[in-house]
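Enquirer: Chains as they are written, first to last, in the working numbering: chain Z, -7 to 353; chain H, -7 to 353; chain A, -7 to 353; chain B, -7 to 353.
Because the hints were derived from the structure by calculation, they are not lab data. Careful: at least some of the hints might be erroneous.
Copies of one chain are not kept apart here, so a pair can be met inside one copy or by any two copies together.
Taking lysine to aspartate or glutamate pairs in the DMTMM-like style, the calculated list, with each CA pair at most 25 Å apart, reads [to be verified]:
1) Lys141 - Asp209
2) Lys164 - Glu53
3) Lys58 - Asp87
4) Lys164 - Asp307
5) Lys97 - Asp314
6) Lys184 - Asp168
7) Lys195 - Glu255
8) Lys58 - Glu30
9) Lys58 - Asp312
10) Lys141 - Glu110
11) Lys58 - Glu84
12) Lys195 - Glu259
13) Lys164 - Asp314
14) Lys68 - Glu95
15) Lys141 - Asp87
16) Lys68 - Asp307
17) Lys97 - Asp309
18) Lys141 - Asp38
19) Lys68 - Glu254
20) Lys318 - Glu254
Each chain is listed here by its residues.
Protein chains: 4
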Amino acid sequence: MSFNTFGHMFRVTTFGESHGVAIGCVVDGCPPLIALTEADIQRDLDRRRPGQSRFTTQRQEADQVKILSGVMAHPKTGEQVTTGAPIALLIENTDQRSKDYSEIKDKYRPGHADFTYEAKYGIRDYRGGGRSSARETATRVAAGAIARKVVPGINVRAALVQMGPHAIDRGKWDWDEVGNNPFFCPDKDKAKFFEDYLDGIRKQGSSIGAVIEVVADGVPAGFGAPIYGKLDSDIAAALMSINAVKGVEIGDGFATAALTGEENADEMRASNHGPLFLSNHAGGILGGISTGQPVVARFAVKPTSSILAPRKTVDRDGHDTDILTKGRHDPCVGIRAVPVAEAMVACVLADHLIRHRGQIG
Amino acid sequence: MSFNTFGHMFRVTTFGESHGVAIGCVVDGCPPLIALTEADIQRDLDRRRPGQSRFTTQRQEADQVKILSGVMAHPKTGEQVTTGAPIALLIENTDQRSKDYSEIKDKYRPGHADFTYEAKYGIRDYRGGGRSSARETATRVAAGAIARKVVPGINVRAALVQMGPHAIDRGKWDWDEVGNNPFFCPDKDKAKFFEDYLDGIRKQGSSIGAVIEVVADGVPAGFGAPIYGKLDSDIAAALMSINAVKGVEIGDGFATAALTGEENADEMRASNHGPLFLSNHAGGILGGISTGQPVVARFAVKPTSSILAPRKTVDRDGHDTDILTKGRHDPCVGIRAVPVAEAMVACVLADHLIRHRGQIG
Amino acid sequence: MSFNTFGHMFRVTTFGESHGVAIGCVVDGCPPLIALTEADIQRDLDRRRPGQSRFTTQRQEADQVKILSGVMAHPKTGEQVTTGAPIALLIENTDQRSKDYSEIKDKYRPGHADFTYEAKYGIRDYRGGGRSSARETATRVAAGAIARKVVPGINVRAALVQMGPHAIDRGKWDWDEVGNNPFFCPDKDKAKFFEDYLDGIRKQGSSIGAVIEVVADGVPAGFGAPIYGKLDSDIAAALMSINAVKGVEIGDGFATAALTGEENADEMRASNHGPLFLSNHAGGILGGISTGQPVVARFAVKPTSSILAPRKTVDRDGHDTDILTKGRHDPCVGIRAVPVAEAMVACVLADHLIRHRGQIG
Amino acid sequence: MSFNTFGHMFRVTTFGESHGVAIGCVVDGCPPLIALTEADIQRDLDRRRPGQSRFTTQRQEADQVKILSGVMAHPKTGEQVTTGAPIALLIENTDQRSKDYSEIKDKYRPGHADFTYEAKYGIRDYRGGGRSSARETATRVAAGAIARKVVPGINVRAALVQMGPHAIDRGKWDWDEVGNNPFFCPDKDKAKFFEDYLDGIRKQGSSIGAVIEVVADGVPAGFGAPIYGKLDSDIAAALMSINAVKGVEIGDGFATAALTGEENADEMRASNHGPLFLSNHAGGILGGISTGQPVVARFAVKPTSSILAPRKTVDRDGHDTDILTKGRHDPCVGIRAVPVAEAMVACVLADHLIRHRGQIG
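So here's chain Z without its partners, still in its complex pose (with noise of 0.2 Å):
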């Protein structure tokens, strides 16, 4: 049994396998009247697509995304818009390549949700690691596709902000650079140096880690509340349940453990729109609600345990072996969790927006 719904007021159940027939979800909670079509959702799903470069894992799917539910033509506009009942997606899956599992069958993986899977259900999914798999989070990106309309006075971006050991300069931040190379980098030299570095980890059969950034512009004061309605866990949460992330961060996050107050407090002064902070170190959040100014988080992603190099491990029957995965795989999985990251954010954000406007915590 397991919690496949995310969200209190604008909820997303995901369901579906990697080798199964199709994934999808089910939005329930998305206000009316807004305006809806496949494309909105496409052009969403395109960017986290993968067997778009020769970074990311060469399975090919279309991903192409269909309206269940939900919509309708406005009587008098015509144009497509929801209609307050729960839209369900659906995307089939193409690219199930019938293979071979028995390398990973009746062994674990390490690294993998392989043991643990099977410690709670006494069954799992093998085929292409089935829930477990990245392949999830393309309904995650096409739920986050809807929150953005929801929540159209906000802009939820992200990058990835380290590869390895290599931070990006960011002094050279660039967001117009994201979309200009396949690791969502913000600065053009460290894309270029990437391009090298990365390849060399693939050829090698290997993978590696990195950090994504996740800034949200527009989120207006007051969203979130106190004690356990916290806008920043919620983030945390929501960014913890991507696959393979191992750490969450708010503004200066771990680098505050360092600080003084003196240096931390972001200090104010007045403007005509309401109190102006003179720095961010918290990131957009306070006491668990929103300043107003942009939200800013970042996360770990460890490296993908898919990897050419043998390791120890055992098997279902309790012997000692060893394992090694071939097949197609990302050699740095933080990649595809740039879309992933501002999915999920901008689901948070749509969350609250309802709930501020309820006046809800």
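Based on the hints, put chains H, A and B in the right spot on chain Z.
Expert: Coordinates of chains H, A and B only, in the frame set by chain Z:
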């Protein structure tokens, strides 16, 4: 409006303000027939209690807990046990020092929740910080003491591993030292160093951040669930909900970004008690589900912004002004976050134990 | 383990046993800036309070409520208002008469929850019924008093419309009479009749059932949601959760089974204030959503099984025995269910007002 | 926005409109390793399917269900079993007859949800009733078929016990007859009578109400929880959520209002299998928890308001008008509510079985 309930099966609802009549909580979903007395709870509360050294706020609170419901003498043994009914705990406030709040009543302290609470609710309880005060965490510690009784085979311990830029020497880690110094520091020598270091901070009227590590031993494999019911998501949300926390990581956390797949994979070998892991980079969680290894989490606590140095701010009427915060406060709030973090993780694990028992995600 | 929280947005968590230290509740999700004093709550509590006539239990409880949190004097007006923080209410038990429980400690009273609590928890609080006692409903009434302040334009009233086989004459319905007799009966003549009737029941040591009707005036169109968020589903669950309730109906309820479509349809005519319904068979709800007409619900309360006539039962050791219940109890528990039902419906409507404001189902 | 998810542990999220592409549901929380095929689900769907007699809507739908996720062939036995992952079910709409909706597009049908959906959402899917159509209940029946597999020892059956003013003769109750007539009626003679009776109603273009009874045999003692987690509250909410339901009762229901405590108490006698109840006025539930006796519920279904007789109404522009509803509809919607009610109660029991197993309220 707000969300003051934490947990799915083991549910904790807290209430109360820093300078109100009382604080407390209701623990719902606690299994029946568990031995529980006020002394069991008091023990944990006493560890968190302020005013015990010069390194925490000088507020004097007895923090005497009272069980209002949910227990009775067992009809056969006479021992006080839980009945399955909600357990209400009450802690009266005694040292709400009558003081002059005029300084903060109409000004927003930079780095505090003053501005955001007011943006959200149109009103804020300025008396000691109201609900945003760290005083609320006493009720979490009380609930955590009950959670510990629900998971008897699991040992949840935390320790301060960094203060300001000064990290402990992990080779000198000794759990027995944690109770021997006012910092919950497992490195005896560093604890000695922190005494002078924090004295300096305190005398300057400044403050400093910290990093805390929580370790849960004895968690069986199979706690947690895929996708949105992940054990690490729940821990991340729980720790991020503690006052002043800005980052959370599991296992090797952010360091995994720099690792290769070979380095990061925790290899396995067979043993009489199921698979044995040869390392624990994962921090005891794979795919959102526990592996049976120790669950390891770390989090960063920012420096409190209640400092003596004047900071630029604005008042409620929108005018520029300066503010400095006199009065009792913690030079390093991270210290008291140690028992709070233990309590939060214990609550998460109690929740997941119950789910696990019902084979629920 | 149990579910002691009611509501989605306006959430009430109750605690406490009949013969424990205190009973109380935490109301979370109450909007800020609503004027609220203990007197507002006391007024409703006093209507439900036992021992006010010979027709309810002779237990003497002051039922004095204390607000522990969630309110403060408004900084400008000085009026006590809600802050958006959770509101904890406490009512101390004072008349837990020390008595001999040996009769019921080891025997299951037929028609009571004695056997089922023990089947579920392996223990039960036999002292006055513990959590299953109607005493718990005092905390619901207290929460309901807050709910009423959240929906100022809505008037929720209830009345006893049947006792035993004796229904009121609906033509004589006068809301003003409800406060003039100990039965909350809107038919003056029937109330007179009930006096002798219930005296007879009481003197025999017997008990009798009743039917209560709740009417909410001023509910705007649009509260509720389709499918599983239906206003009538929420009302049904709320009323069924009151002790001893065995049936709930909305509008014409069970009588609609015998109607044709022509008879049952509430026709409409245009008016300056939107559609005007020419009848209200639907009880103000269509498709789970309020129509703008009065919301009307009715529910049946079974006779209490605490009676003087001996009944066949078994004891905890599995032996046949007989039991008769002495001591204080209500000859018609339906009477005190009247203010409780008002409170529950007020809570449901407060919940839906908040959802409606946020355009949430 | 809306709530389209039902259940706590065994959670069903439904989607789809009457005249959309498809309807379906996601069942989350289903335990792993339960044998499940499409045929298991199809069997129940076929019982509810429209167009099988002249007494239900003439819409022709194959209602062919497709499992999209959550199952796989067991690695050892090859049998298709659940994996613990969410089970998505899809039913394509095939007979969305292209028709002229001009009559109802701009007019509110009295007794329908037309007006309330529009009041809530500002838009409504007028094509076949959209989400408010009884077509949605097909997805409930599909989910219920899975629920039945989760509670193998429990037998949930329902029957029509009243149509219009005509109740069955309970002495002639024969469960085997339920499948032998188009009304799910357990009284052979009354079923014969209903044939002519409903033909008359149908030919007049009228409609009629009904009462359905649901009985769950084999429910062990201890399902449910006190206060707000009551089994009867959950059943009441579940049944009230079915289209056109206006009343729900448990056990003797409204009849208990006229009973004395002596008459209503279900006495007990010892047996080898625990306490034996000598009657079942309580309908198998005391204090919100199952007693081990059959769980009995009844509910009233109003007549559908889609009738040929013209009714007064208003249009969207606020003008008086008349409306009559041509096209396919059920003369007695209560009939098809029979398998739907079984499904809903099976879902509630699956939910409570899981809670019970985890000792969760």
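Enquirer: Should Lys195 paired with Glu259 be assigned to within, between, both, or neither, using CA atoms and 25 Å as the limit?
Expert: between (49 Å within a copy, 23 Å between copies)
Enquirer: Given a CA cutoff of 25 Å, do Lys195 and Glu255 count as a within-copy pair, a between-copy pair, both, or neither?
Expert: Classified as between: cross-chain Cα gap 17 Å, same-chain 45 Å, threshold 25 Å.
Enquirer: Can you give me the call for Lys97 and Asp309, within, between, both or neither, at a CA distance of at most 25 Å?
Expert: Within. Shortest intra-copy distance 12 Å satisfies the 25 Å Cα cut-off; inter-copy 52 Å does not.
Enquirer: With 25 Å as the alpha-carbon cut-off, assign the pair Lys141 and Asp87 to within, between, both or neither.
Expert: neither (30 Å within a copy, 32 Å between copies)
Enquirer: My question is about Lys164 and Asp314: at a cut-off of 25 Å on alpha-carbon distance, are they close within one copy, between copies, both, or neither?
Expert: neither (44 Å within a copy, 35 Å between copies)
Enquirer: Can you give me the call for Lys68 and Glu254, within, between, both or neither, at a CA distance of at most 25 Å?
Expert: neither (58 Å within a copy, 32 Å between copies)
Enquirer: For Lys141 vs Asp38, is the C-alpha pair at or below 25 Å within one copy, between two copies, both, or neither?
Expert: Close inside one copy (17 Å), not across copies (39 Å); limit 25 Å.
Enquirer: Indicate which option fits the pair Lys164, Glu53 if close means a Cα-Cα distance not exceeding 25 Å: within, between, both or neither.
Expert: This pair counts as neither: shortest intra-copy Cα distance 34 Å, inter-copy 52 Å.
Enquirer: Are the CA atoms of Lys58 and Glu30 at most 25 Å apart within a copy, between copies, both, or neither?
Expert: both (6 Å within a copy, 23 Å between copies)
Enquirer: Which holds for Lys58 with Glu84 at a C-alpha limit of 25 Å: within a copy, between copies, both or neither?
Expert: Classified as both: same-chain Cα gap 9 Å, cross-chain 13 Å, threshold 25 Å.
Enquirer: State whether the alpha carbon distance between Lys58 and Asp87 is at most 25 Å within one copy, between copies, both, or neither.
Expert: Classified as both; 17 Å inside a copy, 20 Å across copies.
Enquirer: Go through the copies and call it for Lys97 and Asp314: within, between, both or neither, with a Cα cutoff of 25 Å.
Expert: within (13 Å within a copy, 62 Å between copies)
Going through the hint list in order, the structure does not satisfy hints 2, 4, 9, 13, 15, 19.
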